[in-house]
Amino acid sequence: MIYLNMFITFFKIGLFSFGGGYAILAMIKQEVVLNNPWVTEAEFMQIVAISQMTPGPIAINTATFIGYTKGGIPGSVLCTFGVILPSLILMLLITISYIKLSKTPWFKAIFKRLRLLSLGLIAAALIMVLGHAVQSLFALLVFIACFVSSWKFKVNPFYMLIASAIVGILFGDISISTMNWSEISHALLGIFSHAS
Amino acid sequence: MLWQIFITFFKIGAFTLGGGYAMLPLIKKEVCSKRGWISEDDFVNGIAAAQSSPGPIAVNISIYTGYHVAGFGGMFMAVLGAILPSLITIILIAMLFQQYAEQVYVKRAFSALRPAVVALIATPLIEMAKKSGLKTQNAWFPLLAAILVGYLNITPIYLIVITIVFAIWESYK
Numbered sequence: 001m002i003y004l005n006m007f008i009t010f011f012k013i014g015l016f017s018f019g020g021g022y023a024i025l026a027m028i029k030q031e032v033v034l035n036n037p038w039v040t041e042a043e044f045m046q047i048v049a050i051s052q053m054t055p056g057p058i059a060i061n062t063a064t065f066i067g068y069t070k071g072g073i074p075g076s077v078l079c080t081f082g083v084i085l086p087s088l089i090l091m092l093l094i095t096i097s098y099i100k101l102s103k104t105p106w107f108k109a110i111f112k113r114l115r116l117l118s119l120g121l122i123a124a125a126l127i128m129v130l131g132h133a134v135q136s137l138f139a140l141l142v143f144i145a146c147f148v149s150s151w152k153f154k155v156n157p158f159y160m161l162i163a164s165a166i167v168g169i170l171f172g173d174i175s176i177s178t179m180n181w182s183e184i185s186h187a188l189l190g191i192f193s194h195a196s
Numbered sequence: 197m198l199w200q201i202f203i204t205f206f207k208i209g210a211f212t213l214g215g216g217y218a219m220l221p222l223i224k225k226e227v228c229s230k231r232g233w234i235s236e237d238d239f240v241n242g243i244a245a246a247q248s249s250p251g252p253i254a255v256n257i258s259i260y261t262g263y264h265v266a267g268f269g270g271m272f273m274a275v276l277g278a279i280l281p282s283l284i285t286i287i288l289i290a291m292l293f294q295q296y297a298e299q300v301y302v303k304r305a306f307s308a309l310r311p312a313v314v315a316l317i318a319t320p321l322i323e324m325a326k327k328s329g330l331k332t333q334n335a336w337f338p339l340l341a342a343i344l345v346g347y348l349n350i351t352p353i354y355l356i357v358i359t360i361v362f363a364i365w366e367s368y369k
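Protein chains in written order, with the working numbering: chain A, 1 to 196; chain B, 197 to 369.
Don't read these hints as lab results, they were simulated from the structure. It is possible that part of the hints are untrue.
Said to hold, decoys possible - Pairwise CB distance ranges (calculated): (1) A:THR104 to B:ASN334: 17 to 25 angstroms; (2) A:GLY72 to B:ILE343: 41 to 49 angstroms; (3) A:ASN5 to B:LYS331: 47 to 55 angstroms; (4) A:ASN35 to B:ASN334: 37 to 45 angstroms; (5) B:GLU236 to A:LEU101: 17 to 25 angstroms.
Quantities reported herein were computed from a predicted structural model and do not represent experimental measurements. Cβ coordinates follow ideal geometry from the N, Cα and C atoms, glycine included.
Isolated chain A, as found in the complex (with noise of 0.2 angstroms):
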């Protein structure tokens, strides 16, 4: 029973949460720790700070995470599948529409102006992730190098992970790094719970 709870949780999780990434998390929170007791509050902000330190969507993190925790390998599983379904279904209606329809007028005219929304909407996550991010001068100076090499040098975003790693594994700022993994996500999460 716990399984198709935990299933039907995760659905309307990821049939509800707009904007991806960091807007998802705050729905999580309220699923799993207010509506349903599966993990404490103090747990979830170490399942998000694994989650942002892990590859991948943070969102499916997150819910494998909890997954594994209620439910073992089949409820990890079982999560994801459910963040992701409602994706498949929708993203697909939405992508064979736009494979019949993207000559139509109406339609051009939708994607016009989403397209411009979209760029107003990453700028919005840049805002909120910039500020947690880039906190001490190590941080600022790794950005900027990042950025001028990736926007003018065209460095392919593999390398200058890896070698942003060995950069902060030799000159790396624990003090940083260590303050305030649970604070910064407390303060994202609230922001976002506010919100919706």
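Using the hints provided, position chain B relative to the given structure of chain A.
Leaving out everything else, chain B in the frame of chain A:
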């Protein structure tokens, strides 16, 4: 072909830290420039669509690209590729009980990786601005959206619905 789609998205899923937005430039590089599976114009529209649909952005854009390239099979391979690295990594970490996150060198690495990830989100914004038809007359719109969502924490769904309704009204006017 299906296998190539799977491998491409698996690689992207395995190597991108920082979530969906940081994955976008890598997906674009792989599927537009490197493999030529989809035109840049279609990809930029895909990002707009991925943001307008609920769910994780990276999953949405994988569905869009996968289906565009090879129909249903492509869609499933792209999604599977994009989420499988997460699934494996997280299950391993959950099993090992999160100890690796406390190691000093991991923390040091992340003190540089976090700002690097922000740069990964910032760069495509400039390129996208060119492709999205941004001009001085219409720049107020994305700016307003960025302020409303980024600073005032308005849920994007309202903006998406208003934008779609306005665009349809405009095209029939």
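B:GLU236 versus A:LEU101 beta-carbon gap, inside 17 to 25 angstroms or not: At 20 angstroms between Cβs, range holds.
Cβ separation of A:GLY72 and B:ILE343, checked against the hinted range 41 to 49 angstroms: 44 angstroms, holds
Range hint compliance [Cβ, A:THR104 to B:ASN334, 17 to 25 angstroms]: 22 angstroms, holds
Distance restraint evaluation - A:ASN5, B:LYS331, Cβ atoms, bounds 47 to 55 angstroms: Hint holds: Cβ distance 50 angstroms, inside 47 to 55 angstroms.
Range agreement (Cβ of B:ASN334 with Cβ of A:ASN35, hint 37 to 45 angstroms): Taking Cβ atoms as reference, A:ASN35 and B:ASN334 lie about 41 angstroms apart, which means the hint holds.
Against the hints set out earlier in the document, no violation occurs for any number.
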